[in-house]
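As a plain string of letters, each chain reads:
Number of protein chains: 2
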Amino acid sequence: MRTSYAIGVDVGGTRTAAGLIERKGRMIKEVHALTPAQAGPFAIVDSIIELIEDVASGAHPGEIAGIGVGLPAQIDFLKQTVEFCTNLPIAGVDMRSLIMSRVRHPVAIDNDSNCAGIGESRFGVAKNVRDFVMITLGTGVGGALFLDGEPYRGSRGLGAEIGHMIIDLGGPPCPCGGRGHIESFLGRPAIAARGREAAAEYKGQALRDEAGGDAEKVTAEDVINAANKGDEIAQQILLDAGGVLGEALVGIVNLLNPKLIVIGGGVGESCALLSERASEVIDEHALAGRRDVRVVQAELGNDAGVLGAAALAFDEHDSREGLHR
Amino acid sequence: MRTSYAIGVDVGGTRTAAGLIERKGRMIKEVHALTPAQAGPFAIVDSIIELIEDVASGAHPGEIAGIGVGLPAQIDFLKQTVEFCTNLPIAGVDMRSLIMSRVRHPVAIDNDSNCAGIGESRFGVAKNVRDFVMITLGTGVGGALFLDGEPYRGSRGLGAEIGHMIIDLGGPPCPCGGRGHIESFLGRPAIAARGREAAAEYKGQALRDEAGGDAEKVTAEDVINAANKGDEIAQQILLDAGGVLGEALVGIVNLLNPKLIVIGGGVGESCALLSERASEVIDEHALAGRRDVRVVQAELGNDAGVLGAAALAFDEHDSREGLHR
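Protein chains in written order, with numbering that gives the first Met the number 0: chain G, 0 to 324; chain P, 0 to 324.
In short, the hints are calculated from the structure, not lab data. Any given hint could be a false lead.
Because identical chains cannot be distinguished in the list, a pair is counted as satisfied if it fits within a single copy or across any two copies.
In silico lysine-lysine, DSS-like type, Cα no more than 25 Å apart, as pairs [as the list claims (entries may be wrong)]:
hint, residue 1, residue 2
1, 228, 202
2, 216, 228
3, 126, 216
4, 78, 126
5, 228, 78
6, 126, 258
7, 202, 258
8, 202, 216
In isolation and in its complexed conformation, chain G is listed as follows (with noise of 0.2 Å):
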């Protein structure tokens, strides 16, 4: 029976997305779940396969694949072990392990990013490039490297922490410990705290707007509604914002020479003002010759994760049954 299904499955520190997916990358149907974080390992596990169970039903089982997983932590790819997770109770889990003795299908796991990258690498902006680099904004800042058109996940598969570079000695805590990096400028809460400081200020009205009126209350995404309205402090928080991403964001190119760089994440995704500050810094600052490299929101928001674990889960079944993508 053909292969004609994947089911590809995102999990995020709050939040669980699986999918049935087309070899085309439709996407046939999709359901979601909180994580239950705080219930350990298990819960994590069932909550899982409820969800792969519900979208299988959309597809006779020879016709699936395999899944792929992808999750929010540090996944030694080769040995499909969780290394290290912040968010979740599953480091030095055998997840993989765990969820193929309940289903009937192969399953591969990944970091979500790499997913993410993997997803808009297949089906979405980066389709057909061979070198890429992601570059996930959220509440942490991740990422993602394609490299001679394959994802490249280091020596230990531990992939690309995007976020933990250092682009400012001795600046600004990060959530990781570190000092200075690139998280510290600009993952959700150091967004939060630029509005926050401006809301706290006469001129920052459209800021206490968007966050009901309490200065303190102020989100990233209230800063990002802010500007996106026309605002100029909220927009002038994301622009310095983006001066910062392209700094960074020239480090990587005079780097690793990517042809596209693709700004993913939920605030790198709903904020255009992010990615256009950063191109420009790119056109003047990267070395010669490099600066022909593309800056582009992603495409596949939210879907990203799944339809990148989808495609995984497609390979690793067609390099088991040894057919060529």
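Model the placement of chain P on the given structure of chain G, informed by the hints.
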């Protein structure tokens, strides 16, 4: 006839070296000349040809697999063109054709740092390591990436300009025009400037001595020499530089998760303090799971470029002939 030899040429801003190299990396004959940097591209080619002819006399022409040439320039490796060069007037000059028209062997050109990386990978400290980063500390700071067992040169073959990654937003100016780049802390001029500052103070006697008594004349090499002789002021300058190097490498380790970091270049190889301190910082600050990366000094010294250029020539020959290396 068996192609037992290749010729490697390493063109520097000051000096050009060429060698006749056996397949296993033994250097049969080596010659040097000053690079006629001011005399224009044809004089530079003349000088390269003279050196090639000199070492080629050590073997029968039929035994020579080809010629590899490392240039201190951004090379588009696929097109085999010189994109950009700060130290020599060869930007846009078709160096490969100019050389090839005057020798009886195929010629391949590459960036000099890439050649040094290839040299260490084939014959030096990075033998059999699939994923490593080489950083060369000299007047400029450059580097090379080996990913999945191959040199990674980026989408246009422009290679790894590690020196031009931002580590300090708004930091000190860099010769490239940027600010706060790795090179603005770790290039020879930056280390010499710290040395001159210290030498101008009472306690900087050892540094003044190295410079013949003139605090204004302290060079990076004077700082290294004083440190190697035990002067604590000079050692502190290099420990500080090693700390900055370490922080920069933390970012690269988090991004690329290499197995090995090779510290090369004149400054990097003459000063163990730098790599030792950098190694400590990585051990303290890199993300979990990545700290098993080893930091070592390069092994081949000035010969790395010549040896790597020769290895490139062997590889190009063997891939033309359909041989596996």
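| said: Output the indices of the hints that this structure fails to meet, ascending. | reply: Of the numbered hints given earlier, those the structure breaks are 3, 5, 7, listed in rising order.
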